[in-house]
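The primary structure of each chain is shown beneath.
Protein chains: 2
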Amino acid sequence: MSLSMYQASVPPAIQTLRALKAILGKAQAHCDARQIDPNAFLQSRLFPDMFPLTRQVQIACDMVKGAAARLAGAEVPAWADTETTFAELQARISKTLDWLATVPAASIDGREDADITFPVGRDKTRTMKGEAYLKHWALPNLFFHVTTAYALLRHNGVDLGKADYLMGEQAGA
Amino acid sequence: MSLSMYQASVPPAIQTLRALKAILGKAQAHCDARQIDPNAFLQSRLFPDMFPLTRQVQIACDMVKGAAARLAGAEVPAWADTETTFAELQARISKTLDWLATVPAASIDGREDADITFPVGRDKTRTMKGEAYLKHWALPNLFFHVTTAYALLRHNGVDLGKADYLMGEQAGA
Numbered sequence: 001m002s003l004s005m006y007q008a009s010v011p012p013a014i015q016t017l018r019a020l021k022a023i024l025g026k027a028q029a030h031c032d033a034r035q036i037d038p039n040a041f042l043q044s045r046l047f048p049d050m051f052p053l054t055r056q057v058q059i060a061c062d063m064v065k066g067a068a069a070r071l072a073g074a075e076v077p078a079w080a081d082t083e084t085t086f087a088e089l090q091a092r093i094s095k096t097l098d099w100l101a102t103v104p105a106a107s108i109d110g111r112e113d114a115d116i117t118f119p120v121g122r123d124k125t126r127t128m129k130g131e132a133y134l135k136h137w138a139l140p141n142l143f144f145h146v147t148t149a150y151a152l153l154r155h156n157g158v159d160l161g162k163a164d165y166l167m168g169e170q171a172g173a
Numbered sequence: 001m002s003l004s005m006y007q008a009s010v011p012p013a014i015q016t017l018r019a020l021k022a023i024l025g026k027a028q029a030h031c032d033a034r035q036i037d038p039n040a041f042l043q044s045r046l047f048p049d050m051f052p053l054t055r056q057v058q059i060a061c062d063m064v065k066g067a068a069a070r071l072a073g074a075e076v077p078a079w080a081d082t083e084t085t086f087a088e089l090q091a092r093i094s095k096t097l098d099w100l101a102t103v104p105a106a107s108i109d110g111r112e113d114a115d116i117t118f119p120v121g122r123d124k125t126r127t128m129k130g131e132a133y134l135k136h137w138a139l140p141n142l143f144f145h146v147t148t149a150y151a152l153l154r155h156n157g158v159d160l161g162k163a164d165y166l167m168g169e170q171a172g173a
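Protein sequences appear in the order of chains A and B. Each residue of the first sequence is one higher than the last, beginning at 1 in the working numbering. Each residue of the second sequence is one higher than the last, beginning at 1 in the working numbering.
Keep in mind that the hints were calculated from the coordinates and are not lab data. Do not rely on the hints blindly, as some may be mistaken.
[What the hints assert, rightly or not] As a list, the in silico BS3-like pairs of lysine-lysine whose alpha-carbon atoms are at most 27 Å apart:
1) A:K95 / A:K162
2) B:K124 / A:K129
3) A:K129 / B:K162
4) A:K162 / B:K124
5) A:K124 / B:K162
6) A:K26 / A:K162
7) B:K26 / B:K95
8) A:K95 / A:K26
9) B:K95 / B:K162
10) B:K124 / A:K26
11) B:K129 / A:K162
12) A:K124 / B:K26
13) B:K162 / B:K26
Build out the structure end to end from the sequences listed, making use of the hints.
Structure follows, in structure tokens:
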């Protein structure tokens, strides 16, 4: 027995993006309840040269579509980064999940040894084998950006707990 | 082809703990260069009811030893949480890595459907199948605490980049 590449990648991505979507919903509710301008969160950063919340969410989505497309040997969909509200960020997550549902498991399974070439920074690329790319790049990156989004909201006072990150919409169950 | 449970769990844990150890080394160097009391970092939090940096590092180690031991069907080693310096936290990471090296791959492989029972909060437990526990609990938790440690240090001005998180001691390569 063992894990297929699809099972090792797509279900954790789905759970984590759903959790992020629910977290953003709590942040919007926090703003609504206190009449806070959502931009106070959306543009917040933990340090001046870190990305703001909006960009963290966009990158989390891009990590999922980039990894799934590359592992599947398909073209990575290019989406404009135009979101300016919590609702629009949630819609980007939904769009990512909807797109992910169109990726056949069979296109990702068996790609452990495929060469995966991906952008690193602005003008470089790196190539890793599929299994290493998934374990050492794609998943750590996804969790990094979702945790950073969570940390930004926590730092700014939104009432969240780790269950929101781990379990998403199941958190209340 | 597919990933074994050991390959899906232990190599990412090793890489991530090594990265965390290197990140703590950079934080210590930052303190040394600026004559900053390391406790200003070690006790820092992103919000009053979040854990401080020291605890984030301890938990990251505990997530690795807890997950590896439970997946291997072995007893989880109990370690006191006594670290008060960057060097002691780095030693705890080394101790975790040394212990991890004693866990046979064969004891984790094939445990996808084993019932894994683990503590949740102070007085509850939860049971998940081995594969779900790894993908939806152990790895997301590990990355959560390492990213939070990174975020705490970044927020407080330590010169780190995502390469430090992703690649550890290879970051300069």
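The hints, checked one at a time:
A C-alpha spacing of about 25 Å is found between A:K95 and A:K162, which places the hinted pair at or below 27 Å, so the restraint holds. Distance check on the hinted pair: B:K124 and A:K129 sit about 40 Å apart at the alpha-carbon level, beyond 27 Å; violated. Between A:K129 and B:K162, the direct Cα distance comes to roughly 21 Å. Compliance with the 27 Å bound is thereby established for this hinted pair. Simply put, A:K162 and B:K124 have alpha-carbon atoms about 15 Å apart, close enough for the 27 Å limit, and the pair holds.
Only pairs whose Cα atoms come within 27 Å are accepted, and A:K124 paired with B:K162 is accepted, the gap being roughly 15 Å. With a C-alpha separation of about 13 Å, the suggested pair A:K26 and A:K162 falls inside the 27 Å cut-off, and the hint holds. Note on B:K26 and B:K95: the hinted pairing holds, with a Cα-Cα distance of about 20 Å set against a maximum of 27 Å. Between A:K95 and A:K26 the CA atoms are separated by roughly 20 Å; this keeps the pair inside 27 Å, and the hint holds.
A hinted pair counts as satisfied when its Cα atoms are at most 27 Å apart, and B:K95 with B:K162 qualifies at roughly 25 Å. Between B:K124 and A:K26 the CA atoms are separated by roughly 25 Å; this keeps the pair inside 27 Å, and the hint holds. Under the criterion of a C-alpha separation no larger than 27 Å, the hint pairing B:K129 with A:K162 is consistent with the structure, at around 20 Å. This hinted pair checks out: A:K124 and B:K26 have alpha carbons roughly 25 Å apart, not beyond 27 Å.
This hinted pair checks out: B:K162 and B:K26 have alpha carbons roughly 13 Å apart, not beyond 27 Å.
The structure fails hint 2 only (numbered hints given earlier).
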